[in-house]
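Q: Okay, here's what each chain looks like letter by letter:
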Amino acid sequence: MSFFLVMKAEIVRSFIIMRRYWFRTLTGMFIGYGMLMVLIAGFIYSRPEMEEGLNRFDDPTAATNFVLGFIIGMFAFGVVGMFTQGLQGMAATGVLEQLCMSPHGLAVNFMAQTVVGAVTSIISSGIMVFAVTWSVGGMLHWDTIPILVLLTLTFFNLVGFGFMVGGLVLVFKQVGQVAIILRMGLFALAVFAREEILDQPWPLALMLHLLPITDATICLKYVLIKNQTMTVMGPDGETIEVFRSLFLYPPFYWLIASCVLWTFIGLTVFRFMEDYSRSKGTLGSY
Amino acid sequence: MTDDYLVELQDIHKVFTTRHLLPVDEETRKRRLFKKRDVYAANNVSFGIRRGEVFGLLGPNGAGKTTMVKMISGLVRPDKGQALVDGLNVDKKRKQVLRKVGVVLEGTRTSIWPLTPLENLIYYGMLKDVRGKLLRQRAHDLLDFIGLKDKKNVQVRRLSRGQKQKLAICIALIADPQVLLLDEPSTGLDVQSSRAIKDRIMEMTRDHGRCVLVTTHDMHVAQELCDHIGIINHGKLIACKPTEALLDVFSEQVFVFRTDKAPTVAPFAEIPGVVRADLEQGMDGPALVVHLVPELEARSAALYAVTRQLEHADVRLRAIAQRQQNLENVFLRLTAESDLAESQ
Ligand SMILES: Nc1ncnc2c1ncn2[C@@H]1O[C@H](COP(=O)(O)OP(=O)(O)OP(=O)(O)O)[C@@H](O)[C@H]1O
Ligand SMILES: [Mg+2]
Chain A
1 MSFFLVMKAE IVRSFIIMRR YWFRTLTGMF IGYGMLMVLI AGFIYSRPEM
51 EEGLNRFDDP TAATNFVLGF IIGMFAFGVV GMFTQGLQGM AATGVLEQLC
101 MSPHGLAVNF MAQTVVGAVT SIISSGIMVF AVTWSVGGML HWDTIPILVL
151 LTLTFFNLVG FGFMVGGLVL VFKQVGQVAI ILRMGLFALA VFAREEILDQ
201 PWPLALMLHL LPITDATICL KYVLIKNQTM TVMGPDGETI EVFRSLFLYP
251 PFYWLIASCV LWTFIGLTVF RFMEDYSRSK GTLGSY
Chain B
1 MTDDYLVELQ DIHKVFTTRH LLPVDEETRK RRLFKKRDVY AANNVSFGIR
51 RGEVFGLLGP NGAGKTTMVK MISGLVRPDK GQALVDGLNV DKKRKQVLRK
101 VGVVLEGTRT SIWPLTPLEN LIYYGMLKDV RGKLLRQRAH DLLDFIGLKD
151 KKNVQVRRLS RGQKQKLAIC IALIADPQVL LLDEPSTGLD VQSSRAIKDR
201 IMEMTRDHGR CVLVTTHDMH VAQELCDHIG IINHGKLIAC KPTEALLDVF
251 SEQVFVFRTD KAPTVAPFAE IPGVVRADLE QGMDGPALVV HLVPELEARS
301 AALYAVTRQL EHADVRLRAI AQRQQNLENV FLRLTAESDL AESQ
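Sequence order for the protein chains is A and B. Just so we're aligned, residue 1 is where the first sequence starts under the numbering used here, counting upward by one. Just so we're aligned, residue 1 is where the second sequence starts under the numbering used here, counting upward by one.
Each statement offered as a hint is correct.
A few chain A residues facing chain B, derived, Cβ under 10 angstroms:
{"hint": "1", "residue": "Glu10"}
{"hint": "2", "residue": "Tyr21"}
{"hint": "3", "residue": "Val95"}
{"hint": "4", "residue": "Glu97"}
{"hint": "5", "residue": "Arg278"}
{"hint": "6", "residue": "Ser279"}
{"hint": "7", "residue": "Gly281"}
{"hint": "8", "residue": "Ser285"}
No wet-lab data here; the hints were simulated from the structure. Only a predicted model underlies this, so the values are computations on that prediction, with no experimental measurement involved. The beta-carbon is built from N, C-alpha and C at its ideal position, and this holds for glycine as well.
Please construct the entire structure, taking both the sequences and the accompanying hints into account.
A: Below you can see the structure in the form of structure tokens.
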């Protein structure tokens, strides 16, 4: 209940800021689009074998794959950033102290802020994904329910991780710098995550599953790019494509597990760190 | 424990430990990597604030005033002891307590700079569960009252320092709190505004049964505004009395004898009934300042004796005046005494 009250305040606030800085919001999206196009061109043409590059360009899925990974990566980078940069910024401006003194508690306030932030960023990156894939001639497949479920799960996956890092930043303000590296790592993971990277010896595969963005990206790519079809061996040894719903796709369950795990770890660490910071007397101050 | 205390601190202890990296210790000249230092921010502090009371917390820099405010608002947890607001333990019932308190922390950066004062108030009001028409009405009223009427729709980043401080005070008042904690609220405020705020605070507390804790370095404000004053030094509460009683702590009477030339002080200090005698150099010549005991008989005898002694020393007397005891003097003497006690 109290969460929705805080949400409302956050929505009002971010709406005002977005409207006030509409020019920045718009140019941000244009720049994002431009950068992506340049990156895709670079990604494709930087291959030493020009021919292969050209071939790849003929295969729009490669580009789409990359774009989608890139945007999910940006999203992960952003969501975790709200906990690190955002927290540091608010500490520096003194707003954090006010949030700590809000009766709803810091964690709820933070959650509301990130939900609102994530929804805005999903909308704007959604527009970007479609613009870019359309420009490179790729195709994305839309299936409303799985996509909404996936976006929500992806978000909580990241928020759990974010809460953990945020808790650390709350106490050790210097962690903010280290966190950039973590965020870059997440970003890279999202760009390169595809089913094939899980073909590893099991300890490594397990580690990949435990990382917060791997399965989310794989699932999103499965729905949006592969249109929920799987390649299976036919009875006569030939390969056939069959439709297999997301809800029967193993990485989806890995994603749920990872969500539960990270939400638990994140909230526990955050609570603990908030408490610790309160007894050290540095809660809310920079 | 009386239940009409709205805010109560019981045996609060808080020690801050800082560790810093040192190649060489400045004091002992020894090589060491870590130096640990303990700072007492609260040392067995207990006091209470009743409904309808303005409590002033005074103390030199680093005495622990801000820490005290933060402990009541749940930003800092005491090592020992407990803080109660309306009978609720701040640490255990934080959410309920926070609905009852409004806080202005030191520094002006509490508001969100890209928003206007009005939007700030709406945002913070919503976080404190004030909604709808009531919230808008109250936001407008507060801004009108505090003198930000024509700045309602200007982004906070474009406001002056004093205007930001005013906004911070409005933010603290937006949920109409029962307990108002003000940490150096008058920094950067002009005379008219601080007077208006003072009046408002008085009205709020007296008529609506609220209570206010204010820390300040301005002794005049404290003397005028506060019903009860606590003085804190190195985390220790060295005095906590109603303002009147505090002014009477050094109840000996102080008299100033302005003369044409400086007399020798020693004989005056020996007169019975004289507690202390000092020589001061005023703008218009020297002045003998004597502190006398309060009892009438002894005081009278001492006053006669001092004038006789002055006459005897062949000093011409230009004027005699009684010096009013003010909070500043009391504050300075009390803190000096506690510093002395500390160093022994
Ligand atoms: N988080 C902290 N970590 C370590 N030491 C701290 C911390 N917060 C405060 N202190 C120390 O505790 C003491 C009391 O600080 P506090 O801010 O309460 O003083 P103050 O009375 O408000 O002073 P001022 O008049 O300058 O505002 C100071 O010596 C300060 O250095
Ligand atoms: Mg202070």
